[in-house]
Amino acid sequence: MRAILLVLALTLSGCTLFRVQTPPASVQVAASPSSVSAEARAITAAGNAALVAIEQAVTAGTLPKDQAIRQVTAIRAVARELQRLSDDLDRWAETTDPTSREQRRAAALQRVQSVGRLLAGFDRPPWWGALLDAYVKTALAAGGAQ
Amino acid sequence: MSWLISALTWAATNQQRLDLIVAGIGALLTAYRTVRASLIASGGLSAQEAAVYDRALTDTLRTDAEALESKADDLLDELRS
Numbered sequence: 000m001r002a003i004l005l006v007l008a009l010t011l012s013g014c015t016l017f018r019v020q021t022p023p024a025s026v027q028v029a030a031s032p033s034s035v036s037a038e039a040r041a042i043t044a045a046g047n048a049a050l051v052a053i054e055q056a057v058t059a060g061t062l063p064k065d066q067a068i069r070q071v072t073a074i075r076a077v078a079r080e081l082q083r084l085s086d087d088l089d090r091w092a093e094t095t096d097p098t099s100r101e102q103r104r105a106a107a108l109q110r111v112q113s114v115g116r117l118l119a120g121f122d123r124p125p126w127w128g129a130l131l132d133a134y135v136k137t138a139l140a141a142g143g144a145q
Numbered sequence: 000m001s002w003l004i005s006a007l008t009w010a011a012t013n014q015q016r017l018d019l020i021v022a023g024i025g026a027l028l029t030a031y032r033t034v035r036a037s038l039i040a041s042g043g044l045s046a047q048e049a050a051v052y053d054r055a056l057t058d059t060l061r062t063d064a065e066a067l068e069s070k071a072d073d074l075l076d077e078l079r080s
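Sequence lines, in order, name chains A and B. Residue 44 in numbering that gives the first Met the number 0 sits at position 45 of the first sequence; the count goes up by one each step and never skips. Residue 59 in numbering that gives the first Met the number 0 sits at position 60 of the second sequence; the count goes up by one each step and never skips.
Everything labelled a hint here was simulated from the structure, so no lab data went into it. Incorrect hints may appear among the rest.
Result set (EDC-like, lysine to aspartate or glutamate): computed pairs, CA atoms no more than 20 Å apart in a straight line [claimed, not checked]:
1. Lys64/A - Glu77/B
2. Lys64/A - Glu54/A
3. Lys64/A - Glu68/B
4. Lys64/A - Asp76/B
5. Lys64/A - Asp73/B
6. Lys64/A - Asp72/B
7. Lys64/A - Asp122/A
Here are some chain A residues pointing at chain B (derived, C-beta under 10 Å) [as the list claims (entries may be wrong)]:
8. Ser31
9. Ala39
10. Arg40
11. Leu50
12. Ile53
13. Glu54
14. Ala59
15. Thr61
16. Lys64
17. Val71
18. Ala78
19. Glu93
20. Glu101
21. Leu131
22. Val135
23. Leu139
Sample of chain A residues lacking proximity to chain B, with all beta carbon distances greater than 10 Å (derived) [stated by the list, open to error]:
24. Ser34
25. Ala37
26. Arg75
27. Ala106
28. Gln112
29. Arg116
30. Leu117
31. Gly128
Backbone N, C-alpha and C fix where the C-beta goes; we use that ideal spot for every residue, glycine too.
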């Protein structure tokens, strides 16, 4: 079983795209740093796709440069928050005391919500839905088993 | 991490391809969660050991986020030039 877990962890770590479907209720487990980080990786995937879309829109002349700069700057801020989230998740993973783990989980959730506040600042460009979807799943994962 | 960006771009250009990847990774994550929960429940995996596996996934999030920031910086430079 340990070998299976290790193989799964390494496989998941090596995946280039991490957009996770909600598993059936029968297999859902309590919130964990790994489940939050897995969902959060979908935000980075959506962010990468958004950057590609922005670049293409500018090239096609359908998006003014000043708007593109604002959008890319906001996505950069999201990336920074996700790096801070990974630190929060590390602290959560390193804690074994139940009370402290709950505090760390709450801190991670607050960090995820800061990403949500950044997303709220967008004027809903075409790629915005994918980012929002990934954000909601990450927030749900940080909130515990649904 | 250019391979990561290339792979994402490649996947994003075809919806069926993207759906297939999404479904595959979703199944892998479900399997990971199930095995992890089973091991902890049976006493076969301590909380400390589980943390090691959690860290493996957290590290990849950090790497991905750094790559995203780097790509955003590159695009900002391009847009401002």
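If you check each hint against the structure, which ones fail? 14, 15, 20, 21, 22, 23, 24, 25, 26
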